[in-house]
Amino acid sequence: MTDNLNINRRKFISVSAALSLGIPIMGKANVTYTAALELRPDIKPEWCKRQSGMAYRQLGTTGLMISEVLNGGDPVRLNNLCTDEIAKECGVNYLDMAPAYGRG
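In terms of the numbering used here, the numbers along the sequence shown are unbroken and rise by one, the last being 140.
Please keep in mind that the hints were generated in silico from the structure rather than gathered at the bench.
Glycine residues also receive a C-beta, built at the ideal position from the N, C-alpha and C atoms.
Hints should not be assumed to be uniformly reliable.
[As the list claims (entries may be wrong)] Here are the simulated distance ranges between beta carbons: (1) Thr97 x Arg45: 42 to 52 angstroms; (2) Val51 x Gln87: 16 to 26 angstroms; (3) Asn115 x Lys80: 32 to 42 angstroms.
[To be verified] With a cut-off of at most 27 angstroms between alpha-carbon atoms, the simulated DSSO-like pairs for lysine-lysine come out as follows: (4) Lys124 x Lys80; (5) Lys85 x Lys47; (6) Lys47 x Lys124; (7) Lys124 x Lys85.
Could you put together the complete structure from these sequences and hints?
This is the structure:
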């Protein structure tokens with residue numbers, strides 16, 4: 037992340053609230069990926085941005101291992117890039133975002 041982020045009070049509060057909700061969940065997520073693979077041992081796991089403190093689950097029969105915690109709802113913009121970067125640093129590898137979400 038850059039040192040010269042332009043952050044205002046509202047942005048700081050929203051980022052702090054999001055992190056305070058997500059971090060306790062990540063701390064309790066001590067599930068290993070082997071439990072998901074026991075159901076389908078023929079599927080090889082495919083990892084992306086794996087972090088030791090994050091729990092992952094297999095996405096259907098794809099073999100893709102996605103984080104149990106995800107980030108979504110807002111399309112990626114320059115003014116909200118900070119939360120996405122923090123999520124990725126924590127091991128979140130599933131971002132569910134679309135421009136239509138902002139239009140209700």
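Quick rundown of the hints versus the structure:
1. Thr97 x Arg45: 42 to 52 angstroms: Hint holds: Cβ distance 46 angstroms, inside 42 to 52 angstroms.
2. Val51 x Gln87: 16 to 26 angstroms: Holds - the Cβ-Cβ distance for valine 51 and glutamine 87, about 19 angstroms, lies within 16 to 26 angstroms.
3. Asn115 x Lys80: 32 to 42 angstroms: At 39 angstroms between Cβs, range holds.
4. Lys124 x Lys80: holds, 23 angstroms
5. Lys85 x Lys47: Between lysine 85 and lysine 47 the Cα gap is close to 26 angstroms, so the pair holds against 27 angstroms.
6. Lys47 x Lys124: holds, 18 angstroms
7. Lys124 x Lys85: Since the Cα atoms of lysine 124 and lysine 85 sit roughly 8 angstroms apart, the hinted pair holds (cutoff 27 angstroms).
When each numbered hint is compared with the structure, no violation occurs for any of them.
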